[in-house]
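Participant: Each chain, written out:
There are 2 protein chains.
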Amino acid sequence: MSETTKQPLRLALAGLGTVGAGVIRLIETNAALIERRCGRPLRIVAVSARDRGKDRGVDLTPYAWEDDMTALSARDDVDVVVELVGGSDGPALTLARKAIADGKAFVTANKAMIAHHGLGLARVAESAGVPMRFEAAVAGGIPVIKGLREGAAANEIERVYGILNGTCNYILSTMEDTGRDFADVLSEAQAMGFAEADPTFDIDGIDAAHKLSILASIAFGTQLDFSSVDAVGIRRVLAADIAQAESLGYVIRLIGMARVEGSEDGKKRLFQRVHPYLVPKNHPLAHVDGATNAVVAEGNFSGRLLFQGAGAGDGPTASAVVADIIDIARHWESENEIDPAFSIPVGELDATVPAQTGDRVGKAYLRFMVADRPGVLAELAAAMRDGGVSIESLIQKGEGSDGAVMVAMVTHEGEEGCVVKALDLLAGSDSLTEPPLVMHILKQ
Amino acid sequence: MSETTKQPLRLALAGLGTVGAGVIRLIETNAALIERRCGRPLRIVAVSARDRGKDRGVDLTPYAWEDDMTALSARDDVDVVVELVGGSDGPALTLARKAIADGKAFVTANKAMIAHHGLGLARVAESAGVPMRFEAAVAGGIPVIKGLREGAAANEIERVYGILNGTCNYILSTMEDTGRDFADVLSEAQAMGFAEADPTFDIDGIDAAHKLSILASIAFGTQLDFSSVDAVGIRRVLAADIAQAESLGYVIRLIGMARVEGSEDGKKRLFQRVHPYLVPKNHPLAHVDGATNAVVAEGNFSGRLLFQGAGAGDGPTASAVVADIIDIARHWESENEIDPAFSIPVGELDATVPAQTGDRVGKAYLRFMVADRPGVLAELAAAMRDGGVSIESLIQKGEGSDGAVMVAMVTHEGEEGCVVKALDLLAGSDSLTEPPLVMHILKQ
Chain A
1 MSETTKQPLR LALAGLGTVG AGVIRLIETN AALIERRCGR PLRIVAVSAR
51 DRGKDRGVDL TPYAWEDDMT ALSARDDVDV VVELVGGSDG PALTLARKAI
101 ADGKAFVTAN KAMIAHHGLG LARVAESAGV PMRFEAAVAG GIPVIKGLRE
151 GAAANEIERV YGILNGTCNY ILSTMEDTGR DFADVLSEAQ AMGFAEADPT
201 FDIDGIDAAH KLSILASIAF GTQLDFSSVD AVGIRRVLAA DIAQAESLGY
251 VIRLIGMARV EGSEDGKKRL FQRVHPYLVP KNHPLAHVDG ATNAVVAEGN
301 FSGRLLFQGA GAGDGPTASA VVADIIDIAR HWESENEIDP AFSIPVGELD
351 ATVPAQTGDR VGKAYLRFMV ADRPGVLAEL AAAMRDGGVS IESLIQKGEG
401 SDGAVMVAMV THEGEEGCVV KALDLLAGSD SLTEPPLVMH ILKQ
Chain U
1 MSETTKQPLR LALAGLGTVG AGVIRLIETN AALIERRCGR PLRIVAVSAR
51 DRGKDRGVDL TPYAWEDDMT ALSARDDVDV VVELVGGSDG PALTLARKAI
101 ADGKAFVTAN KAMIAHHGLG LARVAESAGV PMRFEAAVAG GIPVIKGLRE
151 GAAANEIERV YGILNGTCNY ILSTMEDTGR DFADVLSEAQ AMGFAEADPT
201 FDIDGIDAAH KLSILASIAF GTQLDFSSVD AVGIRRVLAA DIAQAESLGY
251 VIRLIGMARV EGSEDGKKRL FQRVHPYLVP KNHPLAHVDG ATNAVVAEGN
301 FSGRLLFQGA GAGDGPTASA VVADIIDIAR HWESENEIDP AFSIPVGELD
351 ATVPAQTGDR VGKAYLRFMV ADRPGVLAEL AAAMRDGGVS IESLIQKGEG
401 SDGAVMVAMV THEGEEGCVV KALDLLAGSD SLTEPPLVMH ILKQ
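Keeping their order, the protein sequence lines are chains A and U. Each residue of the first sequence is one higher than the last, beginning at 1 in the UniProt record's numbering. Each residue of the second sequence is one higher than the last, beginning at 1 in the UniProt record's numbering.
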């Protein structure tokens, strides 16, 4: 492509929702500075979406329209296909495969598709000699994939973790500020457009798990493994848990946490978990409020790096999409110049097995709702003792609306397997009015 | 250089202080992963420093030794010269010029040299077709130059600001935690190695000004202009100021702040200031403690991005130096592939004039030490009134050790010129026992 230097990089956009419209607005608004920074202009050539007539607040008349989005990648006047349709399979995946097969560079904001099919797509892109990029798939406008792939490239990354879902963080930090309960804050967030009508993917930690699996692959040079992420969402977190955590010096955040560990048999073990965690107030993530995202990477030379910003929204997401396009405009001169999508060629990424959690050592917060009658506390304490769980602090709070009593405890540092064993001992006990809630405490 | 793909990238290191030794340790420790991420190994070929015999904790015998560091760049077996000598002029600058003239890629951690000579060096590097990189010159291990140049490349940056000097942040946050005074904490920091024996560059804001001028050039696409940074350090900040700020909902941080503004005559105006600021406690920078650095960039699409991490130290600085080398290893295939050091070719950077400060609008904290006698408060209040300064809150505190009384006030939002005028009215008054201290309040 050397002959195209100084020629425009020609783009086709599939999907014209808020992000697609944002990308168009960005490229139009910042055209002059983008051209200065790229050394050549970006030019949108063609677009495609489901409904041609819909008013999106941007003028589409300068661009060719394709009813069939796969026709975008067949066009000779297109260098880069930008996929903003969403969904792990279906039209987005069809377009991705077609674009790469047609020799186009491929840029996407689609975390679900990358989590499920990213390795396969990257493998094909590498053999086709075309760039594939997905900065916007993780943490919205924050350039964290670039930060890991390039900025921290010299480091062995010990842990990568963070706040990866803006909806959950908005809900948890609003519960914290107002003392209101989950369902109430969720309804409000839905009314304000901060949460989807069907919030399952966000609330149950699946969206964060998509992003975590992508981050882990890039941070550790391991094969992406979404299926083994242990994801638990925030539905069961009560205002009372937040108040309890507060009094102990913690806030509650939904954290995606990944690390990789060696083992005796030489296989790397990949630990990936999305859970609500208790975060010590002196940790930088404790101060991340609202819909903000933040990612921490701990490198063996860099120490702790923190990347923070808006995790969603049309502007921030468009910023990340166009950053990828600018990278392509700057570097896609020859096939030699294409960095692998996951930093290392897919064939060289390490295979892993999922890590066991039982022997992990840490502190945990356990919360029980129990019947208000004599002997229940003794029953809990005995189960902890018999499981081998040592209790650092315990608080029992007066009756809830249903007559149940809340008992919250923080354990001393110990093996997670002990907590599991203690809870197994309590399973089926009619002293518990609902299943216990376990939250891990984030280590500094 | 296409024929060298998969061949090692060959390095020469000048300067073997703690950072130089850190770079060697990093390249040795992480050799395997760096090779995976680069697609080829990094190989240190030759080194140079003042004292060959000194024990640096790393084995230098595998590397050729040059007594004369400029001989490094003359070697045929060297691709990249890494300068870790320091100093804005002298041997570092001589080596930089020679390395570029000899067609070597050039990597440096030298903020003073880049602040003073970066544009000239970049211009020569661009015409020679060699890459020049200086990620480690700003904010230690944090990949913030990459973040601005590439991650946020799609955005017009409205402000770039942050905590750019770890020594000052360590001193201020220790004063905050302990209530001790500046001189006392500085001595301790010197004893612990967190501050230099001659701390002038750090304490007086010059080091932060070097970094700010580099960040501003990259963020705004403007010519680097170190000479117009208005730098005031932290020597005059008292424990009493910190306590006062605390009671008003602020912490005190040394902030480097830059923005660029248009004007009627078409010339861009560059505002660059390093001052102690009052930072609202709900701003992310208020939670940056110890020797940590943090940079905020506000993009017109990305919104607020925050990059945080260790601002100094051998490991973090080495991490940034080697990230630059990895970038070169990945991309330096042909002359077409070299991104300009300042993101935009030097000849295309905008010229600017320094911005005026008088018409800037904001809130300020003013602190006076005054004689303890009747009428002094009235004199202060009259000067404020006559300058046009409106006072939001005022606190007078009992006698200090020298019999002086402290009067601290926070103004309503107003023009900075009014504060200057009010203080001019007080100049020479024998009611003041020392010159007043003015600190601006960081806007959200």
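These aren't lab readings, by the way, just hints derived from the structure by calculation. Be aware that a few hints might be false.
Treat identical chains as interchangeable: a pair holds within one or across any two.
[Stated by the list, open to error] In silico DMTMM-like pairs for lysine to aspartate or glutamate, Cα to Cα no more than 25 Å straight-line:
#: 1; residue 1: Lys6; residue 2: Glu333
#: 2; residue 1: Lys268; residue 2: Asp177
#: 3; residue 1: Lys6; residue 2: Glu348
#: 4; residue 1: Lys267; residue 2: Glu35
#: 5; residue 1: Lys268; residue 2: Glu28
#: 6; residue 1: Lys421; residue 2: Glu261
#: 7; residue 1: Lys397; residue 2: Asp289
#: 8; residue 1: Lys267; residue 2: Glu28
#: 9; residue 1: Lys363; residue 2: Glu126
#: 10; residue 1: Lys54; residue 2: Asp372
#: 11; residue 1: Lys363; residue 2: Glu158
#: 12; residue 1: Lys6; residue 2: Glu156
#: 13; residue 1: Lys267; residue 2: Glu416
#: 14; residue 1: Lys6; residue 2: Asp339
#: 15; residue 1: Lys268; residue 2: Glu35
#: 16; residue 1: Lys6; residue 2: Asp350
#: 17; residue 1: Lys443; residue 2: Asp177
#: 18; residue 1: Lys363; residue 2: Glu434
#: 19; residue 1: Lys98; residue 2: Asp359
#: 20; residue 1: Lys281; residue 2: Glu176
#: 21; residue 1: Lys54; residue 2: Glu379
Participant: Determine for every hint whether it applies to the structure shown.
Facilitator: Hint-by-hint comparison with the structure:
In this assembly of identical chains, Lys6 and Glu333 lie within 25 Å of each other by CA distance both inside one copy and across copies; the values are 11 Å within and 19 Å between. Proximity of Lys268 to Asp177 under the C-alpha cut-off of 25 Å is found in neither arrangement, the shortest distances being 41 Å within a copy and 42 Å between copies. For a Cα distance limit of 25 Å, the shortest separation of Lys6 from Glu348 across copies, 15 Å, qualifies, whereas the shortest one inside one copy, 34 Å, does not. For the homomeric pair Lys267 and Glu35, the shortest alpha-carbon distance between copies (20 Å) is at most 25 Å, but the shortest distance inside one copy (47 Å) is not.
Proximity of Lys268 to Glu28 under the C-alpha cut-off of 25 Å is restricted to the inter-copy arrangement: shortest distance 22 Å between copies versus 46 Å within a copy. In this homomeric assembly, Lys421 and Glu261 come within 25 Å of each other (Cα to Cα) only inside a single copy, at 24 Å, whereas the closest approach across copies is 63 Å. In this assembly of identical chains, Lys397 and Asp289 lie within 25 Å of each other by CA distance neither inside one copy nor across copies; the values are 27 Å within and 35 Å between. Taking identical chains as interchangeable, the C-alpha atoms of Lys267 and Glu28 lie at most 25 Å apart only when they sit on different chains, with a minimum of 24 Å there against 49 Å within one chain.
Taking the closest pair of Cα atoms, Lys363 and Glu126 never come within 25 Å of each other, the shortest separation being 43 Å inside a single copy and 54 Å across copies. With identical chains, the CA atoms of Lys54 and Asp372 are never at most 25 Å apart, being 58 Å at best within one copy and 72 Å at best between copies. Within a single copy, Lys363 and Glu158 get their C-alpha atoms as close as 19 Å, which meets the 25 Å cut-off; across copies the closest is 43 Å, which misses it. In this assembly of identical chains, the alpha carbons of Lys6 and Glu156 lie at most 25 Å apart only when taken from different copies (21 Å versus 38 Å within one copy).
Taking the shortest alpha-carbon separations for Lys267 and Glu416, only the intra-copy value of 22 Å comes in at or below 25 Å, while the best inter-copy value is 63 Å. Taking identical chains as interchangeable, the C-alpha atoms of Lys6 and Asp339 lie at most 25 Å apart whether they share a chain (21 Å) or sit on different chains (14 Å). Taking the shortest alpha-carbon separations for Lys268 and Glu35, only the inter-copy value of 19 Å comes in at or below 25 Å, while the best intra-copy value is 44 Å. Within a single copy, Lys6 and Asp350 get their C-alpha atoms only as close as 39 Å, which misses the 25 Å cut-off; across copies the closest is 20 Å, which meets it.
For a Cα distance limit of 25 Å, the shortest separation of Lys443 from Asp177 qualifies both inside one copy, at 24 Å, and across copies, at 22 Å. Taking the shortest alpha-carbon separations for Lys363 and Glu434, only the intra-copy value of 22 Å comes in at or below 25 Å, while the best inter-copy value is 53 Å. With identical chains, the CA atoms of Lys98 and Asp359 are never at most 25 Å apart, being 45 Å at best within one copy and 56 Å at best between copies. Taking the shortest alpha-carbon separations for Lys281 and Glu176, both the intra-copy value of 13 Å and the inter-copy value of 17 Å come in at or below 25 Å.
In this homomeric assembly, Lys54 and Glu379 never come within 25 Å of each other (Cα to Cα): the closest approach is 62 Å inside a single copy and 66 Å across copies.
When held up to the earlier numbered hints, the structure conflicts with 2, 7, 9, 10, 19, 21 and fits the remainder.
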